[in-house]
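Protein chains in written order, with our numbering: chain U, 1 to 111; chain F, 1001 to 1200.
Hints were generated in silico from the structure; no laboratory data involved.
Please note: incorrect hints may appear among the correct ones.
If you want a taste of the chain F side facing chain U, the calculated C-beta under 7 Å gives, among others [as the list claims (entries may be wrong)]:
id	residue
1	Lys1040
2	Met1074
3	Ala1190
Here are the computed lysine-lysine pairs in the DSS-like style, where the Cα-Cα straight-line distance is at most 25 Å [what the hints assert, rightly or not]:
id	chain 1	residue 1	chain 2	residue 2
4	F	Lys1164	U	Lys68
5	F	Lys1045	U	Lys68
6	U	Lys5	F	Lys1164
7	F	Lys1174	U	Lys15
8	F	Lys1089	F	Lys1104
9	F	Lys1174	U	Lys5
10	F	Lys1040	U	Lys68
11	F	Lys1052	U	Lys68
12	U	Lys5	F	Lys1186
From a predicted model like this one, the values you see are computed outputs, not experimental measurements.
All C-beta atoms, glycine included, are put in the ideal place defined by N, C-alpha and C.
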Amino acid sequence: MIDAKGNTLFEIGNKEDAFQPDGFCWVHAVTSTDRVIAVADSDCRKLVFFTADGRYLGTVPAQDLGLKNPWMPALAFAPDGTLYLSGEQNREGTPVREAFVLRIEGFEALK
Amino acid sequence: MKSILLTILLAFGTLITAWSNDDVIPRAEAIAASTPLALKATTTKLGEHEIKVTPLTLSYPIFTNKGFKSVTGMSIAGNKLYLMIGMGKAIAYHLPTPATTTLKLDTDFGTNGELKVDEMNAKGISANAQGDVFAHGGWSTIRYHGNTKTEVPGQGALHWRPGKNYGFLVGNNKLTLYANGQLQEKSITANGAGQIGSAG
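Same shape as in the complex, but just chain U (with noise of 0.2 Å):
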């Protein structure tokens, strides 16, 4: 995050590990309102999410979304708070792919 100026307020991820809950393998959206930034991570399956100011908020695995190996390229708010993610995943057994998009709430209790 940085400010006007350019100058580093901070930053997010673990800079360490990837794959701690906190890292990313890869960051393929990131969308945020004033309170929440959550960044989407196709790569290792997860969708990770932060306070406005920076602090880890918590990780959400592709799968607790009721997904199963799926690809998360979009991710965005809308002007309610409510989180919408997009991909696709492999219809069973075939190589048909399918596109998906989620409604996510819950976010107006986080501080």
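Since the structure of chain U is provided, determine the placement of chain F on it from the hints.
Below, chain F without anything else, positioned relative to chain U:
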């Protein structure tokens, strides 16, 4: 030597043009023979907090064959959800109300809900409530508004700030303000934070 180079170029060109819709998009019979994802609504924990996950039904489903991306970018503006999909196309859906779960295709967007963007490599999309849609690849951004399109000057990806009347062109390790339909002189360059990149 020239003939060898020509042969290589022709072979490369053939390889590129071989990626047609028929290769990227599964045949109807393959889709029909496969089992839909049937994702289920669930709740899960984010730290101590509970979050609710609801899969939405796409009235206009998107399929690709293995090896090709179905979705590469998403943006939400107003009551619309925009997706950048394969083969240089963008689509728009109406956002469902909290009580409903279907994303209905916005048939007023582009041609019957599908906008063909000029750049085949466009992967990202950003939109605003004024109806501007910015499609960006690695180095350039094109702005679409109704039937008009204009190239955003400068190199980088244009990201509109949700709910605001401005955005930033992200590229060359700096953020440049974009407002009133054009790049402004104000920009921010990172001081020692590493490269400013663009994700999503």
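Right, here's what the structure says about each hint:
1. Lys1040: At 5 Å from the nearest chain U Cβ, Lys1040 of chain F passes the 7 Å test, so the hint holds.
2. Met1074: 4 Å, holds
3. Ala1190: 5 Å, holds
4. F:Lys1164 / U:Lys68: Measuring from Cα to Cα gives roughly 36 Å; hence the hint is violated.
5. F:Lys1045 / U:Lys68: 18 Å, holds
6. U:Lys5 / F:Lys1164: 20 Å, holds
7. F:Lys1174 / U:Lys15: The hint holds at about 22 Å.
8. F:Lys1089 / F:Lys1104: 17 Å, holds
9. F:Lys1174 / U:Lys5: Cα-Cα ~11 Å, so holds.
10. F:Lys1040 / U:Lys68: Holds. Lys1040 of chain F to Lys68 of chain U sits at ~12 Å (cutoff 25 Å).
11. F:Lys1052 / U:Lys68: The given pair, whose Cα atoms are some 18 Å apart, holds under the 25 Å limit.
12. U:Lys5 / F:Lys1186: With a Cα-Cα distance of about 11 Å, the restraint between Lys5 of chain U and Lys1186 of chain F holds, given a limit of 25 Å.
Consistency with the previously given hints fails for number 4 only.
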